[in-house]
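Participant: This is what each chain is made of:
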Amino acid sequence: MLADALLLQLGYNATLVAFGATALGLAAGATGAFLFLRKRSLVSDAVSHATLPGLALAFLIMVAFGGDGRSLLGLMAGSAVSAATGLWCVSALTRHTRVPEDAAIGAVLSVFFGFGVVLLTVIQSVPSGRQAGLEGFLLGSTAGMLFTDAVIIALGGIVVLLAVAVLRRPLTIVAFDPGFGQTQGLRVARLDMALMLLVMAVTVVGLKIVGLILIVAMLIIPAVTARFWTNRASVVVILAGLFGGLAGYVGAATSASAPDLPTGPIIVLTSFVFFALSMAFAPERGVLAALMRHRRFERLVHLRQGLLAMAQGQHVYESRTRRLLRRQGFMRPDGVPTATGKNEAARTLRDEARWQVVRASVNLSDLAMRDDGLTPTEDVLTADQIAEIDRRLGPPEAV
Amino acid sequence: MGAEFVALSLPPMLIGTLAALACALPGNFLVLRRQSLVGDAISHVVLTGIVVAFLITGQIAAWPMMLGAAAAAVVAVTLIEVIQRLGRVDAGAAMGVTFTAMFAFGVLLLEQSDTSGVHLDVEHALYGNLESLIWLDAVGWSSLLDPAALAGLPHELTRMAIVFALTLAFILVLWRPLVLSTFDEDYARALGVPVRALGLGLVIVAAITAVAAFDAVGSIIVIAMFICPPAAARLMTNSLVHQVLWSLAFATLSALLGYILAGYGPLWVGLPNTVSAAGMIASVSGLILAICAVAAPRRRG
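The listed protein sequences correspond, in order, to chains A and B. Taking this note's numbering, the leading residue of the first sequence gets 1, the next gets one more, and so forth. Taking this note's numbering, the leading residue of the second sequence gets 1001, the next gets one more, and so forth.
Pulled out of the complex, with its shape left as it was, chain A reads as follows:
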């Protein structure tokens, strides 16, 4: 069943939703990457919650003019207006008062949402309001999605993607170093505004599929996921888009494969699975990689300290050090150093002696900064410098 769903064999509606969700995921992921790099991910939460009153007002206005109030384009226009108002409130509060940005975000999201809920109850009481189905926009509802809806969503996603592609360089500069951007003649405030407009566009486009409460997940999670895999901003943006698009596609297909699998939450959870896997297994930045790095570091410290102890003819008591020394063939099970162990111990002792010379020397004391108790002198000094030090130290002692 799931295989059928992933191959888009589950019928017209499921295919429409899958295409829409993929386009949305691509756009949201790429846009969210800039938001994440700018460290303003949660502004999107205010934007998305602020769409609710506009959605309700648009419905009421369309009904007042004799429509049935369910035109997606009309609802999207209304939500865009109120999202922009919310955004303006956040920036006005942060700029003109001493309310910090996070409080401004929280205030706007709760107040706009609260007002939206008031309007929803008003809609409930007007005659045509009971079937409005506006609640579907809270968590998304893809049942009975129209062809035109899917086209609007896919087109919206593509337009956002194109805009991101055009603005990628200035947006990256502003995300990392707004001051530098200013010296390069970039209008930072205007670019921030452009980014927010893109976020707003993603939110409005995503209302139908994912809903306004969870759309932030599509902006935030893929970007964080992508960050685990690379240190390059351009790659983060591309990967975030791909992760987002994939989550949209797999999530939408999965939700079509069985009953009671709501599309929005499934897309978000798919995205979260990608995130969890990346956090666990990504090379370099992943948790597993960090754990292995830590173990390797510990092993180096144990070995070095163990060898130094052996070099000074001391008994090694620490059990992990003994185990490591034995495994390297430096020590016999009864604790007596082997021949290779003695060699290695002598080498380590010699290295330690060289470091002492480096620390005492006037010209080399800068390099002594790099003595972390693990780095061999060979990694820091030239062969000539080492020869000079060795000449001063005299012939190495045997262990």
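Please note that a few of the clues may not be correct.
[Stated by the list, open to error] Listed below are the simulated SDA-like cross-link pairs for lysine to any residue, each with C-alpha atoms no more than 20 Å apart in a straight line:
{"#": "1", "chain 1": "A", "residue 1": "K39", "chain 2": "A", "residue 2": "R232"}
{"#": "2", "chain 1": "A", "residue 1": "K39", "chain 2": "A", "residue 2": "I238"}
{"#": "3", "chain 1": "A", "residue 1": "K39", "chain 2": "B", "residue 2": "L1079"}
{"#": "4", "chain 1": "A", "residue 1": "K39", "chain 2": "B", "residue 2": "R1088"}
{"#": "5", "chain 1": "A", "residue 1": "K39", "chain 2": "B", "residue 2": "R1085"}
{"#": "6", "chain 1": "A", "residue 1": "K39", "chain 2": "A", "residue 2": "W88"}
{"#": "7", "chain 1": "A", "residue 1": "K39", "chain 2": "B", "residue 2": "R1033"}
To be clear, the hints were calculated from the coordinates, so they are not data collected in a lab.
Go by the hints and put chain B onto chain A.
Facilitator: Okay, now just chain B, sitting in the frame of chain A:
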């Protein structure tokens, strides 16, 4: 008027006010510590905790649900911390990842399980149902002195009162260390204040408040009351004591005015039905913040 008011309007107004006060109190410190959105994150994940508790116990009872919600809050706070540290991600993004994923999981569980027989759905979680918390045993103001009738008060009222008292006690007892660690963390640490434990304690108090208030009034009020009254109060004064007092006044005003506007406002403009009290309370608190942002004496800092 009297009997109807006492039975239908007084309990929800009291519960709403207590919930607003209980949220605004720790909210003062959350806003000052740049942790305003902790309340937002917690109130999203509370839904998941409640659904899990329902699935385990199979019933809608107060204590299992509170425990489930509290557990979810703890899981969320831990997860945010873990993602932030292990993933080296900024706090906002870590929060965004955590609460959306947990909320999505809660919604999925809700859809998957058979909750048709019980009153548990996403809308209820968001808006609560303040209007339904009525006092059936009341016959008039005299019922306030009648022990038998008082026993029939909605249990949310007792719970909110206890939680408010708890929050108040926490703030009063730990006032000095809290203030110190909020304004100058290094200095507080130097004086031996357990800064990290205190910060965690504040988040836990906020979580308890959010969980208790959530059940009675829904998460919109919780988020709005954590932030709007303290933020508005911050624009009124430079003294923290005065700020806390202002925030309590604003919270009370929002709750009462919001409830009245929701219950009676539509009748005044000729609409037949009432509107959501939770939504209106949040709206009023936003209006107060807006007025303060334009006209309050200390708005620029």
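Participant: Confirm or reject each hint.
Facilitator: Each hint tested on the structure:
no. : hint               : verdict
1   : A:K39 with A:R232  : holds (16 Å)
2   : A:K39 with A:I238  : holds (18 Å)
3   : A:K39 with B:L1079 : holds (19 Å)
4   : A:K39 with B:R1088 : holds (12 Å)
5   : A:K39 with B:R1085 : holds (16 Å)
6   : A:K39 with A:W88   : holds (19 Å)
7   : A:K39 with B:R1033 : holds (18 Å)
Checked against the numbered hints listed earlier, the structure breaks none of them; every hint is satisfied.
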